[in-house]
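Each chain is listed here by its residues.
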Amino acid sequence: MRSDPRNRLPEGRGIPIFDLPVAAVAAASDPLFEQLRKEDVVGPIHASPEYWLAGARSVISYFLPFSKEIKQAYSINTRLPPLEWVSGRLNGEIFNHVLRRALVIMLRRQGGRVVAPGLDPRYKAVNWLPMWSERHVGFIAGLGSFGLHGGLLTEKGTAGRIGSVITDLVFPPSERAYTEVYAYCPWKQERRCGVCINRCPVGAISKEVKNHSICIANGAEFIRPAFKDWGYHGCGHCQCNLPCSDHLPGRNGPAVGAVKGRKQGNGA
Amino acid sequence: MEDEGKVLDRASVEAAIAEYLLQVNYGGYAPDVRKVLAVRATDRTAWLRNAERRTRWEVYYFVEGELFPRPGDTRLPEGVLPSEHARKLVDTIWEFLSVWNGYDFTTTSYGLGRNNYLRNGREEDGGIVGVAYAPV
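Chains as they are written, first to last, in the numbering used here: chain W, 1 to 268; chain G, 1 to 136.
Bound conformation, chain W alone (with noise of 0.2 Å):
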C-alpha cells in the first residue's frame, strides 16, 4: 500500500491517500445481515451475502483512514472542503477499487471463490439506498458503530473509505465489541461532544439526525460548482476535525469536545 503509486494524489506533490486500513470478518451467516433489509435500516434493496456468492462463508470488511496530510489540508475555517479532500475522494475509491481487487486476488489463490460486490455489475443504488451498504457491512463486521453524524467510527477514525469482498472461505468472526447501533457516539449515547452537528456547514445534522438530503443539495449546489474544472465532488466536514477523526472518540487521543472551543467561519 505504502509504495503502490495509486495511493497518491496525482495533483500537487502527490501526497498519500491513505493510511494502512483495519480490517474484520463477519460470518456470511450473521443474522444481522438480514436486519439490513428493513426500511428503517437500508431496506429491501440491500442483497444477502449469498445472493452475491451462493455458498457465501465470510465477510471480510476493510477501513481505509485517510492519511494525515488528507486530513490536515481540511481547514476547520472554510465552508468549502480542500482539493486535498474532494481528489482524495474520488481517487481514493479507485485504490478502494485497487485493494478490493487484491483481496480478491489473494483470496482465490488460498482456494476460494470471491465475490467484491462494490465491483460487481449487479450492484446498483436507487434514491442513495445501496444494494450492498459497506458502512453497514462493517458495523456487521465489528469493524465500528455508526455516529450520529452517519459516519462509521472505528479505531482508525471516521474520515476515510469502506470496502468488502465475500467469499466461501471460512475465516473466524472478529468480535462485535458493541451492541448498540451508535455505541460509540458520545452524543448519542450521553449528549456529549456534538461537534459535528456545528461542524456542518449547511446544517445537515441536528441533535437527533443526519439529513441526508441538505448534505446531498449541498454538494449539487456549491461543491460541484466549486470544483467543476477538477470534475471533482464530496464534502467532509462531517469526517475531518471531530474527536472521532482519528481515533474513537475519547479514545487515544484528545478527550471529547476538544476541538469544540474552535471557531468555524463560513468563508468559501
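Please note: incorrect hints may appear among the correct ones.
Beyond 12 Å from chain G on every Cβ pair, some chain W residues (computed) [what the hints assert, rightly or not]: (1) L20; (2) A27; (3) S29; (4) R37; (5) P44; (6) A54; (7) R108; (8) Q110; (9) E175; (10) Q189; (11) R192; (12) V202; (13) P225.
Label-pair distances were calculated between CB atoms; the ranges are [to be verified]: (14) K88/G x I216/W: 40 to 48 Å; (15) I214/W x L81/G: 54 to 62 Å; (16) K228/W x A134/G: 39 to 47 Å; (17) I214/W x R49/G: 37 to 45 Å; (18) P44/W x R56/G: 34 to 42 Å; (19) A11/G x G43/W: 38 to 46 Å; (20) E19/G x A102/W: 19 to 27 Å; (21) P31/W x G27/G: 21 to 29 Å; (22) M106/W x W47/G: 24 to 32 Å; (23) W47/G x E11/W: 20 to 28 Å.
Okay, derived cross-link-like pairs now, DMTMM-like style, lysine to aspartate or glutamate, Cα gap no bigger than 25 Å in a straight line [unchecked claim]: (24) K6/G x E66/G; (25) K210/W x D40/W; (26) K228/W x E58/G; (27) K88/G x E64/G; (28) K6/G x D43/G; (29) K228/W x E11/W; (30) K38/W x E180/W; (31) K188/W x D40/W; (32) K188/W x E175/W; (33) K210/W x E190/W; (34) K124/W x D9/G; (35) K124/W x E50/W; (36) K124/W x E95/G; (37) K6/G x E34/W; (38) K68/W x D43/G; (39) K88/G x D43/G; (40) K68/W x D168/W.
FYI, nobody ran anything at the bench for these hints, they're computed from the structure.
On a predicted model such as this, the values are computed, not experimentally measured, just so you know.
Even for Gly, the Cβ is constructed at its ideal location relative to N, Cα and C.
Given chain W, put chain G in place with the hints provided.
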C-alpha cells in the same frame, strides 16, 4: 469526468498486452513487474507504461500479479504470435477488466447501470450476471 456511457476499448487492450508480450519474451522470458496497463478516461483506450506517479483521469492495472495473477501466464508459447496470445489472454480477463474499468471511472455510488455499463453484463433470467472469481 462523468462516464457518458463509454466502455473500455478492447482493441487497444489487446495491442498493449501484445506489446508487453513482445518486450518480456525477447531473449528469454523475463516478466516485468513494473509494467501497468494504463487507461484514460477520455476515450477508454489503453496502453502500456511503467508504474509511476498517476496522471489525472487515468487508471492503472499491473500486468503481472493483478491482470494475470498466475506466474507464467505471459510467457509466449513457442510458435504463437504475440497478438494471437494477447487475444487469448484478454479473453480470460475481459469480463472482469471491463467491469473494473467501468467502476474506476464511475464517480458516483450508483453503480454501473447509471452509465450504461449494464451492457457488459449478460442478461440472464431477467437480471445481470455477477462476477464470482473462481480459485486460480
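Consistency of the hints with the structure:
Distance check for L20/W against chain G: the nearest CB is about 20 Å away, which clears 12 Å, and the non-interface claim stands. With a least beta-carbon separation of about 19 Å from chain G, A27/W lies farther than 12 Å from that chain, consistent with its non-interface assignment. With a least CB separation of 18 Å from chain G, S29/W remains clear of the 12 Å interface cut-off, as annotated. With a minimum CB-CB distance of about 18 Å to chain G, R37/W clears the 12 Å threshold, and the non-interface call stands.
Separation of P44/W from chain G is adequate, the least Cβ-Cβ distance of about 16 Å exceeding the 12 Å criterion. In this structure A54/W is not separated from chain G by more than 12 Å, as the shortest Cβ-Cβ distance comes to only about 8 Å. R108/W, annotated as away from the interface, has a beta carbon of chain G within 12 Å; the closest lies near 5 Å. Not every beta carbon of chain G lies more than 12 Å from that of Q110/W, the smallest distance being close to 8 Å; the non-interface claim is violated.
No Cβ of chain G comes within 12 Å of the Cβ of E175/W; the nearest lies about 28 Å off, and the non-interface call holds. With a least CB separation of 29 Å from chain G, Q189/W remains clear of the 12 Å interface cut-off, as annotated. Chain G leaves R192/W outside its interface by the beta-carbon criterion, the shortest separation being 32 Å against a cut-off of 12 Å. Here V202/W stays apart from chain G, with its beta-carbon at least about 20 Å from theirs, past the 12 Å limit.
Every C-beta of chain G lies more than 12 Å from that of P225/W, the closest at about 15 Å, which supports listing it as non-interface. Here the CB-CB span from K88/G to I216/W is close to 46 Å, well matched to the stated 40 to 48 Å. At roughly 59 Å, the beta carbons of I214/W and L81/G sit within the given window of 54 to 62 Å. K228/W and A134/G have their C-beta atoms about 43 Å apart, which keeps the hinted 39 to 47 Å range intact.
Between I214/W and R49/G, the C-beta spacing of about 43 Å keeps the proposed range 37 to 45 Å intact. Distance hint check for P44/W and R56/G: the Cβ-Cβ separation is about 39 Å, which falls inside the suggested range of 34 to 42 Å. At roughly 42 Å, the beta-carbon separation of A11/G and G43/W lies within the given 38 to 46 Å, and the hint holds. Taking the beta carbon of each, E19/G and A102/W are about 25 Å apart, inside 19 to 27 Å as hinted.
At roughly 59 Å, the beta carbons of P31/W and G27/G sit outside the given window of 21 to 29 Å. Under the hint 24 to 32 Å, the C-beta atoms of M106/W and W47/G, about 28 Å apart, fit the expected range. About 22 Å separates the C-beta atoms of W47/G and E11/W, a value consistent with the hinted range of 20 to 28 Å. Straight-line distance between C-alpha atoms of K6/G and E66/G comes to about 23 Å, which keeps the hinted pair within the 25 Å bound.
Under the criterion of a C-alpha separation no larger than 25 Å, the hint pairing K210/W with D40/W is consistent with the structure, at around 14 Å. In summary, the hint linking K228/W to E58/G is supported, as the alpha carbons are separated by about 18 Å, within the 25 Å threshold. As the CA atoms of K88/G and E64/G are separated by approximately 16 Å, the hinted pair is consistent with the 25 Å bound. For the suggested pair K6/G and D43/G, the alpha carbons sit about 7 Å apart, so the restraint of at most 25 Å is met.
Between K228/W and E11/W, the direct Cα distance comes to roughly 15 Å. Compliance with the 25 Å bound is thereby established for this hinted pair. Proposed proximity of K38/W and E180/W is supported: the alpha carbons are some 17 Å apart, at most 25 Å. Simply put, K188/W and D40/W have alpha-carbon atoms about 18 Å apart, close enough for the 25 Å limit, and the pair holds. Proximity of K188/W to E175/W is assessed by CA-CA distance (about 22 Å); at most 25 Å being required, the pair is judged to hold.
Under the criterion of a C-alpha separation no larger than 25 Å, the hint pairing K210/W with E190/W is consistent with the structure, at around 18 Å. Only pairs whose Cα atoms come within 25 Å are accepted, and K124/W paired with D9/G is accepted, the gap being roughly 23 Å. Restraint check for K124/W and E50/W: satisfied, since their Cα atoms lie roughly 17 Å apart, inside the 25 Å limit. For the proposed pair K124/W and E95/G, the alpha carbon gap of about 18 Å is at most 25 Å, so the pair holds.
Among the hinted pairs, K6/G with E34/W is inconsistent with the structure: their alpha-carbon atoms are about 36 Å apart, more than 25 Å. Restraint check: the Cα-Cα separation between K68/W and D43/G comes to about 34 Å, which exceeds 25 Å; the hinted pair is violated. The straight-line distance between the Cα atoms of K88/G and D43/G is roughly 23 Å, inside the 25 Å bound, and the hint therefore holds. The straight-line distance between the Cα atoms of K68/W and D168/W is roughly 36 Å, outside the 25 Å bound, and the hint therefore fails.
Violated hints for the displayed structure, listed by number in ascending order: 6, 7, 8, 21, 37, 38, 40.
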